[in-house]
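J.: So you can see what is in the structure, the chains are spelled out below.
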Amino acid sequence: GAGVSQSPRYKVAKRGQDVALRCDPISGHVSLFWYQQALGQGPEFLTYFQNEAQLDKSGLPSDRFFAERPEGSVSTLKIQRTQQEDSAVYLCASSDGTETQYFGPGTRLLVL
Amino acid sequence: DQQVKQNSPSLSVQEGRISILNCDYTNSMFDYFLWYKKYPAEGPTFLISISSIKDKNEDGRFTVFLNKSAKHLSLHIVPSQPGDSAVYFCAATSPGAGSYQLTFGKGTKLSVIP
Chain E
596 GAGVSQSPRY
606 KVAKRGQDVA
616 LRCDPISGHV
626 SLFWYQQALG
636 QGPEFLTYFQ
646 NEAQLDKSGL
656 PSDRFFAERP
666 EGSVSTLKIQ
676 RTQQEDSAVY
686 LCASSDGTET
696 QYFGPGTRLL
706 VL
Chain H
8 DQQVKQNSPS
18 LSVQEGRISI
28 LNCDYTNSMF
38 DYFLWYKKYP
48 AEGPTFLISI
58 SSIKDKNEDG
68 RFTVFLNKSA
78 KHLSLHIVPS
88 QPGDSAVYFC
98 AATSPGAGSY
108 QLTFGKGTKL
118 SVIP
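These protein sequence lines are chains E and H, in that order. Taking this note's numbering, the leading residue of the first sequence gets 596, the next gets one more, and so forth. Taking this note's numbering, the leading residue of the second sequence gets 8, the next gets one more, and so forth.
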């Protein structure tokens, strides 16, 4: 079946611009996670949804970051007033409630 | 403070030989561990996992060993193949404590030489 998909795959934004990153999880997966991966580092947790409920947003680095999953499937990660330090790969993962998470290809964000 | 550490940034192995990738953790609440493989410009791909109630899990050419007392796990790949060349990430989570987020190491880049 189809895996996790993310769009866009690449995004170039000017500093101060707002961006929206989309994640389509594996069909039927109740859990959805967002991670941020800086160059040369492992992914770092941002936030977690179970269905439409955001159960953990402890990893969001600032109030410029906002995530939603209104109908319990597709999720959007929004970054307002982007800064250069927001440049990273943003990864989405989903799971069926077990410990194993399946990742999408990521969105590479470059803020100029 | 890194809770999951992969102290070898890179590893080179001859094709057909064994690759051993190591991972250490500090958080004793972690009770489930996973290995992911990542190719450039792709997302991490799940390889194999192990629960803290086990000390070994095997899947084909891949075996993960867990030493809870040493807070150490390792991934063995045998025999290594050129297609195994990728970055390998160790990850840990604590579902027993109600936390499902993965904490990753920085990765080890494996190069398998034909």
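The set of hints was computed from the structure by calculation and includes no laboratory data. Quick caveat: nothing in here was measured; it's all calculated off a predicted structure. One or more hints might be untrue.
What the hints assert, rightly or not - Cβ-Cβ distance ranges computed for the label pairs, FRET-style:
#1 H:Arg-24 - E:Gly-598: 28 to 36 angstroms
#2 E:Asp-613 - H:His-79: 39 to 47 angstroms
#3 H:Ser-15 - E:Ser-622: 17 to 25 angstroms
#4 H:Lys-75 - E:Ala-648: 43 to 51 angstroms
#5 E:Val-625 - H:Thr-52: 18 to 26 angstroms
#6 H:Asp-66 - E:Gly-692: 37 to 45 angstroms
#7 E:Tyr-605 - H:Ser-19: 29 to 37 angstroms
#8 E:Lys-652 - H:Gln-21: 22 to 30 angstroms
We put the CB at the ideal spot given by N, CA and C, even for glycine.
J.: Now tell me if each hint is right for this structure.
T.: So, going through the hints one by one against the coordinates:
1. H:Arg-24 - E:Gly-598: 28 to 36 angstroms: holds (32 angstroms)
2. E:Asp-613 - H:His-79: 39 to 47 angstroms: holds (44 angstroms)
3. H:Ser-15 - E:Ser-622: 17 to 25 angstroms: Given about 38 angstroms between the Cβ atoms, the range is violated.
4. H:Lys-75 - E:Ala-648: 43 to 51 angstroms: Given a distance of about 33 angstroms, which is not inside 43 to 51 angstroms, the answer is violated.
5. E:Val-625 - H:Thr-52: 18 to 26 angstroms: holds (21 angstroms)
6. H:Asp-66 - E:Gly-692: 37 to 45 angstroms: Between Asp-66 (chain H) and Gly-692 (chain E), where Cβ atoms are some 21 angstroms apart, the hint is violated.
7. E:Tyr-605 - H:Ser-19: 29 to 37 angstroms: holds (31 angstroms)
8. E:Lys-652 - H:Gln-21: 22 to 30 angstroms: The hinted range 22 to 30 angstroms is violated for Lys-652 (chain E) and Gln-21 (chain H), with Cβ atoms some 46 angstroms apart.
The structure fails hints 3, 4, 6, 8 (numbered hints given earlier, in ascending order).
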